[in-house]
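The listed protein sequences correspond, in order, to chains A, B, C and D.
According to our numbering, the first sequence is numbered sequentially starting from 10.
According to our numbering, the second sequence is numbered sequentially starting from 10.
According to our numbering, the third sequence is numbered sequentially starting from 41.
According to our numbering, the fourth sequence is numbered sequentially starting from 41.
Hints are computed from structural coordinates only; laboratory data are not their basis.
Glycine included, C-beta positions come from ideal geometry on N, C-alpha and C.
Be careful, since some hints might not be right.
Counterexamples of contact, computed for chain B against chain D with all Cβ distances above 12 Å [unchecked claim]:
id : residue
1  : L13
2  : L14
3  : P15
4  : D28
5  : W102
6  : G126
7  : A148
8  : R166
9  : D178
10 : E180
11 : K193
12 : E194
13 : A198
With the C-beta cut set under 10 Å, the calculated list includes, among others, these residues of chain A facing chain D [claimed, not checked]:
id : residue
14 : E110
15 : A117
16 : Y120
17 : L159
18 : W270
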Amino acid sequence: MAELLPLEEAVRELVRDGDSVAMEGFSHLIPFAAAHELIRQGCRHLTLIRLTPDLIYDQMIGMGCADRLVFSWAGNPGVGSLHRLRDAVEHGWPHPLELEEHTHAGLANRYVAGASGLPFAIVRDYLGTDLERRTANVASIACPFTGERLAAVAALRPDVAVVHAQQADREGNVLLWGIQGVQKEAVLAARRSLVTVEEVVDELGPGGPGGTVLPHWVVTAVSASPGGAHPSYAAGYSSRDNHFYQAWDAISRDRDRFLAWMREHVLEGGAGKPQASPEEAHLGPA
Amino acid sequence: MAELLPLEEAVRELVRDGDSVAMEGFSHLIPFAAAHELIRQGCRHLTLIRLTPDLIYDQMIGMGCADRLVFSWAGNPGVGSLHRLRDAVEHGWPHPLELEEHTHAGLANRYVAGASGLPFAIVRDYLGTDLERRTANVASIACPFTGERLAAVAALRPDVAVVHAQQADREGNVLLWGIQGVQKEAVLAARRSLVTVEEVVDELGPGGPGGTVLPHWVVTAVSASPGGAHPSYAAGYSSRDNHFYQAWDAISRDRDRFLAWMREHVLEGGAGKPQASPEEAHLGPA
Amino acid sequence: MALPETSLAAPSEDGREPRYTSSEMMTVAAARALPNGTVCFVGIGIPSLAANLARHLAAPDLVLVYESGTIGARPSRPPLSIGDGELADTASSVVSVPEIFNYWLQPGRIEVGFLAAAQLDRFGNINTTVVGDYASPRVRLPGAGGASEIACCCKQVIIVMPHSRRGLVERLDFVTSVGYGSGPGDRERLGFPGGGPSMVITDLGVLRPDPGTWEMTLTEVHPGVEAAEAVAATGWELKVDPRLARTAPPTERELSTLRALDSLGW
Amino acid sequence: MALPETSLAAPSEDGREPRYTSSEMMTVAAARALPNGTVCFVGIGIPSLAANLARHLAAPDLVLVYESGTIGARPSRPPLSIGDGELADTASSVVSVPEIFNYWLQPGRIEVGFLAAAQLDRFGNINTTVVGDYASPRVRLPGAGGASEIACCCKQVIIVMPHSRRGLVERLDFVTSVGYGSGPGDRERLGFPGGGPSMVITDLGVLRPDPGTWEMTLTEVHPGVEAAEAVAATGWELKVDPRLARTAPPTERELSTLRALDSLGW
């Protein structure tokens, strides 16, 4: 039964050092404000899980939160590389990062299996690729009816799932719409879940295409975080800040410039403060 | 790419004697008008597939269309037995009916596997029940990661899926909303598909909770059939005719009364006629 | 749905005409078994009636989940089928049938599953498939539907059925849904996420699993019922809990609410 | 997204300044490969640009499917990412990521899948994972994403990439997505529903699989390009089809439409 908590308190209650944490949102509804709170609270030794690490994990990896990354496509979409992620993988800065990489289909179905209470799921890809032998949690399985060989992927049960949505009501029921990604699966697969929302409303709705409700009894905590997806977006509330995605390329290329940006916009911008106002949450590029 | 066809022509083109036919709709949106057209065209030796055979298959079985039934719950919901189905199983009238019975979860996931292009799906039930040894297309499988034993169900690929929906546009895109059942999965699993709709519109929408669009390129034929779900219903267009479900119990108990009813309301009511008008489609109890 | 007919009826406390039928007692006992806020998987019939009765009494925040994919339905009219529009219109979420089973029931998210049974054995295993031989049955019943998944996966299962030797049998003609299998360890061996049947509520009393043997044992009798009556109406040698309790009779409020729902066709 | 920079350019027919860049030729050739009505799985970059160019030219009814779950999107503004709101707002259906892979891509419903590649070998296998050793890579690339499923399951795959010895290599550093594996029979053995790569469109020409060996063979060169140039820019011993054709240069309409899209940020 979801508790409505300030973001700082929710992160403190739900996330522990060493946890596996899935912060999902497929280009849309990426929970940046929550990630910044994890960074401010100095979370360490996390296993970060996400189909598309994106800028959100580039920032967390660069700030030393993660020991391990489980992912399927690591780039700055339409722009180029994730420089902090590459620096960790290629040069071990700020420290080495262990990778477990999948295909989108495989990782999405690891969440599906977790959400379904099954120990594994089956998919067609991986076969014939080097992922098949490189990647943990992938195995071969034969169809008991046809003998056909397929790939099995192990269920994911993250300690915590963090997602962003448009609305929650006062009971903690959550409504999200637009591009849905794997948020529902991540929340249902996780042991605990935190949903940041654009606003808490008396009555949910009306929503839009792809609308989905997460009932309050599968959500652990809800935190109001208007603008909390920036530079990603929340359909009906904001647009994707493509300019910031482009600007991040230069900010993140250099370790010092990255650290300066994080200090100014994340560490000092939010530390110890009450829940960010809409203006504060809208962190523009440096 | 969906063709818009009169129902009589669509059934003639899509359904052949001996086909496996899945007519889905979970209490809501059951394609009765299409079933009546199959009965009028004298379809024979069908394998009928449906989670809840309901009155629609009681009528088809009683009229001798089916050799085989694949199902998971056979009753008149909230009323009692399906007497024509029981007469076929218990007394071989009008001829014997072979049964393949599943659990809802198992049969739903047989469609899911078919829709997903996988040869099987895994579920937790069947284990420990007599279904496990009685039912074809169920096998035991071990998780390659944990060793845990689960049930595997074989994918379903019906020759034809028939469903009813609220709207189609002139391209053949289909919109349905309300209780969704397994219609999407049945259409995506089948080799051919027929969708009857309440109305053909210039632009789809707005729909309601549970709204789903089947794009025109996964549908073979669309037929306008206003009221075509009666005595089931189409959210936004009609209500479930609970009175008819209750009246069916007496109509169907007796072979002669059943045959007289079918003759009057289905065979003579629709044979050789053009597409039923809304009034004709609304077949009241005798 | 109308309540099942029954000739049993509890006498009123002053010995005059029965104040309520034994079937009403059964429904009230089922409603009481649902604490407020419980997430409950309900089928049509007594389970839906009992759950909605609870919602009108002590459990206004009961979360009703129907296998038609309606989550958090708050019907104000009685559904005849689990797919009635009323359930979708009042639900907080409407999902597909594969999703309701895969994401909601199978992982063990549901706290209480309500089941009916044509036959039940001493370990709470259930038959809703056939009476007689499978290949040429005396009576062909509806089959499994969602029941075997509910029995497998809900945290606890409550079974509601009339008490008779035809229903509570020594040996099932067909095992449709698993209770405790053949005793301790079987659910674990099968890897079931749910805890199994916690109560069998009949029109005579309540059976609960013995914590050592998992055998369904008479722990409660309804007002006016003697343990011997329940034992006689059971097809196996029903054990009686030495601390046998007596169900509190329906309160005026329980009865009037139930009858109001029933008169509306619930 | 801006077109990749390139120094290659085709001369105009009268020998004056080039009328278009080789990269524009590549995009136009990719757009032409999409017949009207095709159901097409597109990623961001050249694939999305080419597919939307086709939609503005000969293929107005192209069905665009993006891995963000937007089916039938008709964007009027350029998406920077596959998850741009424009794609959801203009789609006929928006589904979850598991669904787009499980119900739409995996069963082989998609006719054409567009892929980019960092490295490609003679059998159309693709590397988008690492350059160098996996454990300590020289360059860490984005990884598989949807590419390996697209390569496995689309009826045909069209690969668009600049032509260079660094890209078209003898041996991949990592096999991310399977083309024809090590030759005939491999896709069948792997049970893949899709047909494999039908074209590799580069800025120099077009490679197609030899129907006997499945080896990617130069079948077409763009205007102003000689076969020897393409062979020299290929890391394996590129075979040249004896019936080598020459790509028709971009028409005025193709070029002006492409440039209009490009100037809008496509």
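Tested hints:
1. L13: holds (16 Å)
2. L14: holds (19 Å)
3. P15: Nearest chain D Cβ is 24 Å from P15 of chain B, so the label holds.
4. D28: D28 of chain B is indeed farther than 12 Å from all Cβ atoms of chain D, at 20 Å.
5. W102: holds (40 Å)
6. G126: Its Cβ does come within 12 Å of chain D, the nearest being 3 Å, so this is violated.
7. A148: holds (18 Å)
8. R166: violated (10 Å)
9. D178: violated (9 Å)
10. E180: Per Cβ check, E180 of chain B is inside 12 Å of chain D; nearest 9 Å; violated.
11. K193: violated (8 Å)
12. E194: violated (8 Å)
13. A198: violated (9 Å)
14. E110: holds (5 Å)
15. A117: holds (5 Å)
16. Y120: holds (7 Å)
17. L159: Hint holds; L159 of chain A Cβ to chain D Cβ min 8 Å, cut 10 Å.
18. W270: violated (21 Å)
Hint check: violations occur at hints 6, 8, 9, 10, 11, 12, 13 and 18; the rest are consistent with the structure.
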